[in-house]
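**Q** Sequence:
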Amino acid sequence: SNVSVTGDKGPLATPANNNPIPLADDCNGVEMDFEVYPNPTSGNLTLDLTQYIGRSVRIETYSIEGKLLQFSELNEVHNTLKNLDLHGFQSGLYLVKVRSAGLPDIMKRVVLLRHYQVGYRCVQPLRATTRVAPTGGPDDDDSGNSKIL
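Residue numbers (the numbering used here): 12 to 160.
One or more hints might be untrue.
[Claimed, not checked] Pairwise CB distance ranges, derived in the manner of DEER restraints:
| no. | residue 1 | residue 2 | range |
| --- | --- | --- | --- |
| 1 | 43 | 126 | 25 to 35 Å |
| 2 | 126 | 42 | 33 to 43 Å |
| 3 | 65 | 125 | 28 to 38 Å |
| 4 | 86 | 59 | 30 to 40 Å |
| 5 | 125 | 67 | 26 to 36 Å |
| 6 | 103 | 64 | 23 to 33 Å |
| 7 | 86 | 108 | 12 to 22 Å |
| 8 | 126 | 65 | 16 to 26 Å |
| 9 | 44 | 122 | 14 to 24 Å |
| 10 | 101 | 42 | 25 to 35 Å |
| 11 | 124 | 65 | 29 to 39 Å |
| 12 | 120 | 42 | 13 to 23 Å |
[Stated by the list, open to error] Simulated crosslink set (DMTMM-like; lysine to aspartate or glutamate; CA at most 25 Å straight-line):
| no. | residue 1 | residue 2 |
| --- | --- | --- |
| 13 | 78 | 96 |
| 14 | 119 | 44 |
| 15 | 108 | 84 |
Hints in this document: simulated from the structure, not taken from any laboratory.
Glycine included, every Cβ here is placed at the ideal spot set by N, Cα and C.
Please put together the full structure from these sequences, using the hints given.
**A** Listed below in structure tokens is the structure:
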């Protein structure tokens, strides 16, 4: 069945002091965020906490199932970059959450690949195959040896 509201278009509930309650993501027009890199990572993750300078924060790492795996608390962010060590975990997808009082929690997905090297594409190793051109054909190099393509 459908629900309809008639009458005054005001809020459904008002606090006792008649001041509107800001939405969790309102926060005086400030949109908080943080960056994580490299992502995917081999275990050394860097968090850019520039927007949290001067604030206390709690950094939490969760499994994809939602289990809290580790956390760290900073009384006041002085440096914009914070290192996060994920070497103790298996390859997989993890969630990193930054929490700060009075601000919405921000969460990022992080891919941990234990044998990943930064700067290289993560690909499955290919089997080496060698094709040999037939001798006497257009690929013959006159040395009498077959040319590897």
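**Q** Given the hint of 29 to 39 Å, is the C-beta distance from residue 124 to residue 65 inside that range or not?
**A** 34 Å, holds
**Q** Is residue 78 close enough to residue 96, meaning Cα to Cα at most 25 Å?
**A** Judged against 25 Å, a Cα distance of about 17 Å means the pair holds.
**Q** For the pair residue 103 and residue 64, does the Cβ-Cβ distance stay inside 23 to 33 Å?
**A** Holds: the Cβ-Cβ distance is about 31 Å, inside 23 to 33 Å.
**Q** Quick one: are residue 65 and residue 125 within 28 to 38 Å, going by C-beta?
**A** 36 Å, holds
**Q** Could you say whether the range 12 to 22 Å given as a hint is met by the Cβ separation of residue 86 and residue 108?
**A** 18 Å, holds
**Q** Do residue 44 and residue 122 keep their Cβ atoms within the hinted range of 14 to 24 Å?
**A** 19 Å, holds
**Q** Does the Cβ pair residue 86, residue 59 satisfy 30 to 40 Å?
**A** 19 Å Cβ-Cβ, so the 30 to 40 Å window is violated.
**Q** With a cut-off of 25 Å on the C-alpha distance, tell me whether residue 119 and residue 44 pass.
**A** It holds: about 9 Å lies between the C-alpha atoms, which stays within 25 Å.
**Q** If you check the beta carbons of residue 126 and residue 42, does the distance land in 33 to 43 Å?
**A** This hint holds: roughly 36 Å between Cβ atoms.
**Q** Could you say whether the range 26 to 36 Å given as a hint is met by the Cβ separation of residue 125 and residue 67?
**A** Once the Cβ atoms are compared, 32 Å apart, the range 26 to 36 Å for residue 67 and residue 125 holds.
**Q** In this structure, is the beta-carbon distance linking residue 126 and residue 65 contained in 16 to 26 Å?
**A** At roughly 39 Å between Cβ atoms, residue 65 and residue 126 fall outside 16 to 26 Å, so the hint is violated.
**Q** Per the hint of 25 to 35 Å, is the separation of the Cβ atoms of residue 43 and residue 126 within bounds?
**A** 34 Å, holds
In the structure shown, a violation is registered for the earlier hints numbered 4 and 8, in ascending order.
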